[in-house]
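Colleague: Residues per chain are reported as follows:
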Amino acid sequence: MSQPTQEEEILAQQALAEAAGAEAGSEATGGLSQGQIVRKRFFGHTGALIGLAVFAAIFLLAFTSVGAFGIPGWWKYNHTDVSPLVNDGVPTSSLWPLAWGEHPFGQDRIGRDLFAMTMRGAQQSITVMVLIGAIAGAVGAIVGGLAGYFRGWVEAVLMRLTDVIIIIPVLLLAAVVGQIANRRDEGSWIASFASNNGVVILGVFLGFVLWVGLARLVRGEFLTLREREFVDAARISGASNARIIFKHILPNAVGVLIVNVTLTMSAAILLETALSYLGLGVKAPDTSLGLLVAQNQEAFATRPWLFWFPGLFIILICLSINFIGDGLRDAFDPRQKKFKAKSAVETSSHSSTTAPVADASKGS
Amino acid sequence: MTDNASPEPEATRLETASDKTAPGSVVLEVRDLSVDFGVDKKWVPAAIGLNYEVRAGEVLAIVGESGSGKSASSMALLGLLPSNSRVRGSVKLSGKELLGEKSGNIREVRGKDVAVIFQEPMTALNPVYTVGAQIVETLRLHNSISPDEARQRAVRMLELVELPDPEKAFKSYPHQLSGGQRQRAMIAQSLSCDPKLLIADEPTTALDVTVQAEILDLMRNLRNKLDSAIVLITHDMGVVADLADRIAVMRKGVIVESGTAQQIFSNPQHEYTQALLAAVPHLGQGADSTDVDVTAALAAATHTELESVDHDELVRRERENQAALKAAAEEAAKPRGEPVLELVDVAIEYPKQGRVPAFRAVEGANLVIYPGQVVGLVGESGSGKTTIGRAAVGLLPVAAGSMRVVGQDISAAKRNGKQLHEVRRDIGMVFQDPSSSLNPRLPIGESIGEPMFLAGVAKGVNLQKRIETLLDQVELPRGYRNRYPHELSGGQKQRVGIARALSLQPKLMVADEPTSALDVSVQAKVLELFQNLQRELGFACLFVTHDLAVVDVLADRICVMQRGRIVEQGTREQILRNPQEPYTQRLLAAVPLPDPEKQRERRELRAQLMAAGIE
Chain V
10 MSQPTQEEEI
20 LAQQALAEAA
30 GAEAGSEATG
40 GLSQGQIVRK
50 RFFGHTGALI
60 GLAVFAAIFL
70 LAFTSVGAFG
80 IPGWWKYNHT
90 DVSPLVNDGV
100 PTSSLWPLAW
110 GEHPFGQDRI
120 GRDLFAMTMR
130 GAQQSITVMV
140 LIGAIAGAVG
150 AIVGGLAGYF
160 RGWVEAVLMR
170 LTDVIIIIPV
180 LLLAAVVGQI
190 ANRRDEGSWI
200 ASFASNNGVV
210 ILGVFLGFVL
220 WVGLARLVRG
230 EFLTLREREF
240 VDAARISGAS
250 NARIIFKHIL
260 PNAVGVLIVN
270 VTLTMSAAIL
280 LETALSYLGL
290 GVKAPDTSLG
300 LLVAQNQEAF
310 ATRPWLFWFP
320 GLFIILICLS
330 INFIGDGLRD
340 AFDPRQKKFK
350 AKSAVETSSH
360 SSTTAPVADA
370 SKGS
Chain D
64 MTDNASPEPE
74 ATRLETASDK
84 TAPGSVVLEV
94 RDLSVDFGVD
104 KKWVPAAIGL
114 NYEVRAGEVL
124 AIVGESGSGK
134 SASSMALLGL
144 LPSNSRVRGS
154 VKLSGKELLG
164 EKSGNIREVR
174 GKDVAVIFQE
184 PMTALNPVYT
194 VGAQIVETLR
204 LHNSISPDEA
214 RQRAVRMLEL
224 VELPDPEKAF
234 KSYPHQLSGG
244 QRQRAMIAQS
254 LSCDPKLLIA
264 DEPTTALDVT
274 VQAEILDLMR
284 NLRNKLDSAI
294 VLITHDMGVV
304 ADLADRIAVM
314 RKGVIVESGT
324 AQQIFSNPQH
334 EYTQALLAAV
344 PHLGQGADST
354 DVDVTAALAA
364 ATHTELESVD
374 HDELVRRERE
384 NQAALKAAAE
394 EAAKPRGEPV
404 LELVDVAIEY
414 PKQGRVPAFR
424 AVEGANLVIY
434 PGQVVGLVGE
444 SGSGKTTIGR
454 AAVGLLPVAA
464 GSMRVVGQDI
474 SAAKRNGKQL
484 HEVRRDIGMV
494 FQDPSSSLNP
504 RLPIGESIGE
514 PMFLAGVAKG
524 VNLQKRIETL
534 LDQVELPRGY
544 RNRYPHELSG
554 GQKQRVGIAR
564 ALSLQPKLMV
574 ADEPTSALDV
584 SVQAKVLELF
594 QNLQRELGFA
604 CLFVTHDLAV
614 VDVLADRICV
624 MQRGRIVEQG
634 TREQILRNPQ
644 EPYTQRLLAA
654 VPLPDPEKQR
664 ERRELRAQLM
674 AAGIE
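Taken in order, these protein sequences are the chains called V and D.
Last residue of the first sequence: 373 in the numbering used here, with the numbers rising by one and none dropped.
Last residue of the second sequence: 678 in the numbering used here, with the numbers rising by one and none dropped.
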């Protein structure tokens with residue numbers, strides 16, 4: 010029943026005017042699906058594109074330089090090689106003249122190459138982040154969505170399950186899982202797998218723990234969205250429950266979902282550090298970004314580069330993920346508009362005078 | 064208001080407040096007021112160079128469509144605009160400049176000297192405090208008085224706004240009151256500090272017609288009692304007809320015409336004013352028949368005499384009604400074919416949720432709709448009319464009785480079962496709130512195409528063609544199909560809703576208050592479109608609305624609902640010309656007329672109806 014506010018009114022008029030202008034250029038507008046439009050909007054978002062580019066660059070650099078999955082990389086050292094100290098371990102790279110040098114990021118006390126270690130760490134951290142994001146996001150969205158949409162006993166069961174997982178401390182669970190995964194003497198496949206891919210186990214495990222917060226948020230969103238009339242409209246159109254959940258409600262809840270997934274992914278790096286310290290996941294001689302920072306924090310006064318480079322990569326990865334998340338959210342939400350008063354330009358036509366421009370296109 | 068702290072005699076306080084401006088003096092003076100909103104790095108003007116003044120005891124109505132800047136300019140008086148706005152010009156309240164004031168000073172003015180009545184009382188009142196507590200808060204913020212005294216004054220305010228049980232209302236939470244009572248409480252709160260200026264921003268838009276009439280009565284009484292200056296903001300010319308002294312018509316941020324109410328209504332100069340007046344749906348302007356003189360009909364049905372209308376003339380008007388009624392009865396006897404919707408003794412319940420017991424919203428409803436027929440379902444909110452509409456499309460289960468839709472009995476159908484799925488291919492539904500009924504994340508083309516896609520009627524290029532045809536039918540440009548709902552105006556969104564409902568070429572269309580969220584002028588256009596489409600495509604329609612005037616334009620038959628029961632049904636002519644039930648008569652009398660003269664007649668009649676003990 011509510012009347013739109015003046016501001017919304019103006020936004021609508023503005024959009025009409027813009028679209029009318031765009032139409033003049035290309036007369037024939039074919040119908041686009043929601044997916045196509047979201048993609049178009051995402052690739053029109055500068056921040057998201059930069060984020061995506063940075064993330065892709067780090068991803069490529071990390072996985073090609075020191076190699077992964079048994080394929081050797083192009084960098085001459087790997088994270089376990091010990092070589093004689095060059096220049097007392099100080100980074101050999103310089104901006105002017107631009108040079109790479111023997112050990113661009115420097116070496117640690119015993120002569121391991123920090124570039125190789127950082128790249129290996131970035132691999133590990135990215136793996137954990139992506140696994141956690143994907144698993145927690147999917148499980149959280151599905152559990153929260155089902156609970157919020159169906160209510161009744163489905164909700165009761167799923168939400169009590171969520172409550173149970175929430176009250177168990179993550180660290181305690183992690184320690185137990187770590188112990189089970191670490192029984193190498195048994196020689197079972199899981200143990201051998203875990204010894205080589207500790208970080209995958211860690212990512213999967215954290216993913217299956219961290220979905221709970223997300224599920225509650227998504228459920229809340231679903232509870233309000235399911236009462237909206239467009240859900241009834243979809244039902245009358247003959248849409249099945251699955252279609253209503255995934256096509257109609259989920260895109261509307263996607264803002265909450267994406268923001269929280271990206272935040273969870275950023276926090277995952279630190280969580281991974283803590284858990285690696287406890288003995289689950291990444292273990293020396295293998296390394297991760299969080300572990301590198303944690304190990305080298307005492308060297309901050311004497312060998313600061315040991316701290317700076319892994320830290321820089323943590324920041325770059327987290328920022329780019331957050332920018333991508335921002336871009337995704339804006340792409341899904343057609344209402345995003347920002348305004349700065351100082352850079353504003355004067356216009357003389359009233360907000361509603363733009364409407365006839367749009368109306369004029371009716372005739373054509 | 065420190066000099067008011069000394070307790071004065073209670074009953075007379077309102078009239079004799081010492082700091083009151085002298086009667087007739089200018090309370091509000093607005094000069095060259097301009098409001099801009101910043102959008103996309105541009106300042107877009109919402110109001111341009113407004114000039115007006117309001118005197119004490121006077122009602123100025125600012126009328127215009129949504130987006131005309133009427134609300135924005137009025138909120139600018141109090142500095143209540145969002146941060147991306149800019150206000151220029153001069154606003155003087157009793158000679159004191161308000162614009163450019165520090166926020167602390169303007170806070171003093173708000174509530175004490177200037178009060179606002181908002182559109183939606185449910186959201187304007189804080190749900191976690193009692194109504195009384197909120198009034199006491201306002202009182203004690205601006206006056207140094209004891210809690211007890213504030214309480215007494217609050218109860219007196221509630222009495223003043225004619226709440227039936229002020230003591231009880233004082234202790235009630237907003238959700239425990241009805242919409243009309245809430246708006247009364249809201250008015251009590253805004254009047255509690257005896258403001259010099261009262262801004263009423265669409266005070267009755269969210270209310271039923273009958274409640275609206277009551278609130279307007281109340282405001283009229285209060286104006287006589289209080290001597291405040293009132294600025295009434297509305298889009299409905301019918302509302303201002305007998306309340307406003309002067310009217311300013313706004314369009315695109317500019318006042319295009321202003322004058323006394325008499326001038327505006329009897330001799331509108333600007334074409335926009337004329338269009339606004341023409342857009343108000345009033346009873347008796349049905350499409351293909353002569354006008355219905357409702358005043359006369361009501362007078363006849365209730366055997367009352369009006370002082371303001373000559374007796375002979377009334378008799379003549381009644382006779383005309385009788386003749387038209389006979390003609391309509393003959394037409395109604397024609398054969399019609401298989402009914403599209405048939406309700407026999409239907410009861411509908413909202414199932415119990417947690418501790419809230421099941422609630423029977425509709426009881427013993429009988430209703431038949433034949434192909435090509437438009438049936439209007441009218442009643443106040445809470446009367447169960449929407450419930451019937453939703454049950455007809457299978458969104459609510461039928462608790463008792465039998466409901467046949469397009470030849471199938473769906474009273475026992477399973478929720479989301481196969482049978483409902485099939486039946487829904489022959490039903491379309493238009494929802495009340497166009498912004499809520501379209502998925503905000505779906506381009507409208509997809510929203511329109513979804514029923515066809517899901518029914519497997521069309522796909523790919525074929526589907527796109529069908530969408531284009533539908534957009535043409537509802538007179539929207541084809542290029543709109545990639546727009547999101549928020550990029551369309553309210554009327555355009557409702558056109559999209561209609562296009563979606565039509566997409567499967569339904570035999571039955573259920574329209575649930577499709578125009579109640581729209582401006583009057585937009586409503587007129589949407590109704591016209593709807594009428595044309597109905598004539599062209601020949602679907603049967605259940606048209607749910609609270610506005611008798613709207614249904615009058617469209618419907619062949621009218622059902623009147625009250626408290627979950629259909630109290631009266633018949634052809635449009637029967638209901639409008641010869642209403643039998645007192646409730647129907649009351650509904651009819653409450654519809655405002657865009658004409659101060661006729662409205663006065665109507666009001667007198669309404670007063671007599673009420674006096675005759677009609678509940």
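If you are wondering where the hints come from, they were derived from the structure by calculation, not from laboratory data.
A hint or two may mislead.
What the hints assert, rightly or not - No farther apart than 30 Å at their CA atoms in a straight line, the calculated lysine-lysine pairs in the DSSO-like style are these:
#  : chain 1 : residue 1 : chain 2 : residue 2
1  : D       : Lys288    : D       : Lys175
2  : D       : Lys522    : D       : Lys570
3  : D       : Lys165    : V       : Lys256
4  : D       : Lys231    : V       : Lys256
5  : D       : Lys522    : V       : Lys256
6  : D       : Lys288    : V       : Lys49
7  : D       : Lys477    : D       : Lys528
8  : D       : Lys477    : V       : Lys49
9  : D       : Lys528    : V       : Lys256
10 : D       : Lys481    : D       : Lys231
11 : V       : Lys85     : V       : Lys292
12 : D       : Lys175    : D       : Lys165
13 : V       : Lys256    : D       : Lys175
14 : D       : Lys155    : V       : Lys49
15 : D       : Lys165    : D       : Lys105
Predicted, not measured: the structure shown is a model, and the values here were computed from it.
Colleague: Each hint needs a verdict: does it hold in this structure or not?
Modeller: Against the structure, the hints come out as follows:
1. D:Lys288 <-> D:Lys175: Roughly 18 Å separates the two Cα atoms, so the pair holds.
2. D:Lys522 <-> D:Lys570: Measuring from Cα to Cα gives roughly 22 Å; hence the hint holds.
3. D:Lys165 <-> V:Lys256: Answer violated: D:Lys165 to V:Lys256 is near 49 Å, above 30 Å.
4. D:Lys231 <-> V:Lys256: The given pair, whose Cα atoms are some 48 Å apart, is violated under the 30 Å limit.
5. D:Lys522 <-> V:Lys256: holds, 17 Å
6. D:Lys288 <-> V:Lys49: violated, 61 Å
7. D:Lys477 <-> D:Lys528: violated, 34 Å
8. D:Lys477 <-> V:Lys49: Cα-Cα ~41 Å, so violated.
9. D:Lys528 <-> V:Lys256: Cα-Cα ~22 Å, so holds.
10. D:Lys481 <-> D:Lys231: Judged against 30 Å, a Cα distance of about 50 Å means the pair is violated.
11. V:Lys85 <-> V:Lys292: Distance ~23 Å between V:Lys85 and V:Lys292 Cα, so the pair holds.
12. D:Lys175 <-> D:Lys165: Given pair D:Lys175, D:Lys165 holds - Cα atoms ~16 Å apart, limit 30 Å.
13. V:Lys256 <-> D:Lys175: Outside the cut-off at roughly 50 Å; violated.
14. D:Lys155 <-> V:Lys49: violated, 50 Å
15. D:Lys165 <-> D:Lys105: Judged against 30 Å, a Cα distance of about 26 Å means the pair holds.
In this structure, the earlier hints numbered 3, 4, 6, 7, 8, 10, 13, 14 are contradicted, and the remaining ones agree with it.
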